[in-house]
Structures are given as C-alpha cells and as structure tokens.
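Taken in sequence, the protein lines are chains E and Y. First residue of the first sequence? That's 1 in my numbering, and the numbers climb one at a time after it. First residue of the second sequence? That's 117 in my numbering, and the numbers climb one at a time after it.
A couple of the hints might just be wrong.
Only pairs whose alpha carbons sit at most 30 Å apart, straight line, appear in this in silico DSS-like list of lysine-lysine [claimed, not checked]:
no.: 1; chain 1: Y; residue 1: LYS288; chain 2: E; residue 2: LYS59
no.: 2; chain 1: Y; residue 1: LYS242; chain 2: Y; residue 2: LYS213
no.: 3; chain 1: Y; residue 1: LYS213; chain 2: E; residue 2: LYS68
Quick caveat, the hints were computed from the structure, so don't treat them as lab data.
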Amino acid sequence: MAPTDIRNDPAVVRWFDSAHLEELTPEEQTHRLALLADFCDHAGQQPGELAAGVLRTTKDGDTAISAKRRTAMNTSIDEFVDKSGFSGKEAVINGNIIRSFLVHNGIFIQGRAWRG
Amino acid sequence: MELMQVMGNRRSIRYFEPDKPVEKEKVQVMLEAMNRASRAVNADFVKVVVVYRDELDPDVLQQLKTPTTTAEIDMAPVHMFCYLDLSYTDGAQGRLKELVQLGALNASHGWSEAYVDEVVWATVLKPIASDPGILSYIGAIDAGVAINQGMLAAVDQGLGVCLHAFNTEIAKTALGIPDHWLPLHLLLVGYPAEDPLTGGQRPRRSLSSQFFVGNASTPWQEIPEVTEQCKKTGLIQNPVDAAKRRAEVRALAQRFGLPE
Chain E
1 MAPTDIRNDP AVVRWFDSAH LEELTPEEQT HRLALLADFC DHAGQQPGEL AAGVLRTTKD
61 GDTAISAKRR TAMNTSIDEF VDKSGFSGKE AVINGNIIRS FLVHNGIFIQ GRAWRG
Chain Y
117 MELMQVMGNR RSIRYFEPDK PVEKEKVQVM LEAMNRASRA VNADFVKVVV VYRDELDPDV
177 LQQLKTPTTT AEIDMAPVHM FCYLDLSYTD GAQGRLKELV QLGALNASHG WSEAYVDEVV
237 WATVLKPIAS DPGILSYIGA IDAGVAINQG MLAAVDQGLG VCLHAFNTEI AKTALGIPDH
297 WLPLHLLLVG YPAEDPLTGG QRPRRSLSSQ FFVGNASTPW QEIPEVTEQC KKTGLIQNPV
357 DAAKRRAEVR ALAQRFGLPE
C-alpha cells in the first residue's frame, strides 16, 4: 500500500484534521502516511478497519473499546516496529505514530515514552 | 508560596520529567498534608501506596504497564495509589472519646463520653458501616479531601500532580492491596516537563451556575472587587491560550516520541 493510497481514507482524513498534521512539513506528513500504509500491510487491513477492529458494540448499543483487541493491537504495533528494524527513539516515535492514528480515531491507547 | 497562589497554580500535569527523581522528603510532606486533612470520626480514610517507579521490581513494573498506562508510567517517577479503607468505622468510638477528652468535641454541641459510649454506635456508626453505599460515599469524600491537601502540598513544593484512573486488579495483585481497601485514584507525581501553569488556567463555569445563596434557585452573585482580589492573589489566572498550548504539546510529544 502506498501513502497516496490511504490519504483520502476517511479515517486518515480524520487523523490529519484532528491532529493538525497539515501543519507539518510535506516530508513529515509523507513519513506518517508511509508508516501507516506499511502497518496496514502488516495487519492486512485498511486504515478504517484498524480502528474499527478495536471497537465493540455493547449490548445496549453503545460503542466501547475492546480491552483484549487493544492489547492485541499494541502487541501488533510493537511487532511491526521490530520487524521494520526500528530501534531506540525511532522505534518509540514510529510506534506512537501508528498509535496517534488510532487515538485520533477514538481509541484510547498508550505506548512507551522516550526517556533517552 | 501563598495558599491562594498554590490553589491558582494547580493544574493536572500530564508531561513529567521522567528522569528527575522526586525527593522522598517532598513526598513525606505530601503525606503529612494528607494526614492533617479534615476527617469524620477522626478516621484514617485514605490509604496510599507510594511507588517509586525506578525502585519497583521490573516484573511488577511490567505488570502495571498496560495499553492505557504505559506512557504515564514511563513519565511519572512517583505513583501514589490511593485507596479508601472501608474499615474506617473500626475504633471510631475510641477516637471520638479522645476528641471529647481533648475538647475538640464539646458539650456545647451535644457531645459527651456517655453519648460516645452508649449511643453513637447504634445511631451513627452502625448505619454507616452496614450500608456499603453509604460507607463508600462518605469515606470517599473524606479521602478526597486528604488527597487534595497532598496535591496542594506537592504544588507548593514545585511538583506537578495529576489524578488518574488505574487498573485496579493488576495493582491489587502487584501491590498486595487488602480486600477492604477500595480503589480511588492513582496520583501521579513528578517535576513538570511542561509549563507548570500549562499556558493558563483551564475553563471553569461561573460561580452563579454552581453556587447558591439561601436556596437552590438563587445563584451566588459575584462581587467584582473580590474577583479582582482573587486575580491579584493568583487564585484566578489568565485562561489558557489554545494555539500556544497546542504548539507546546506538539513539542512535548516530539521530545518524548509520543502521539501528537
């Protein structure tokens, strides 16, 4: 999947709008899109499916987060970062770029903070 | 710092200097401030487990890190797990009697050793102790008063604080929490990595929308001179500038590699 393939995905548009990512340089924006596109390939899902997959509908019809699927997503992000060969601060940043996409699509999720 | 300034300066701090340790002396001052808080039946409502992140067993630290807590644990060097001790009515008669003997509770208001010995259990303490709902909410109020004093003591010492929810089951096992401690809050403590004043005060509604005089339908009318005085003492401060704050948050997120 290429960065341009996902830019107009509604979940990506929502991410860019909510996080004000247009304020970043074109290179920074492309980096984020490329990373998310690669993660979509890793997960075998479209961007919108990533976020939707962590959500569940309660018996009352409300939208909630599945704790189990969120944990699985966090693990998947860590695996993706490892597989991509990132290390140190770069690993933390890039994992959290994926989490940023999820956060701005309604998923409360946290990754490591860089303490170096 | 003057008290009004401390109350005006308090913010929920969410970015801490992760590697700047909090002095144990400052933690003790916080605990002492909690211990001085107003409390019904002179009970020790709040129980706090102070956890120094970097002194914690690595396995326990790992258990506490979940998809909703990892960044907080990485950033805040001190975690205070706050609980309500539901056994607070135990020994209450003895403590009340002590207060009568010390003149804190007086005949002027109806208190006596006889009342404490013979009446107070059945009419006051037993109804509280036998109703889990009442037991919890009365205790939570007094525990909250204590926690707030600790928070203000932290701000007075240049620290940042923030109350958080936490995974109570994991903490219970990892920290050996007894069954009769009801989880309340996780109080994160550390030196702020962000502007301690977070760019300004967060929005609050008017006094007249929350406070009333004489009855519940007559709003409190603000006295403009008092409002001005509160600004001078630092209790009321400038509101946050959202654009500047967003720029600060972006810089903090980039520094720590966190989601923007």
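Going through the hints against the structure:
no.	hint	verdict
1	Y:LYS288 with E:LYS59	holds (29 Å)
2	Y:LYS242 with Y:LYS213	holds (17 Å)
3	Y:LYS213 with E:LYS68	violated (52 Å)
Hint compliance for this structure: hint 3 alone is broken.
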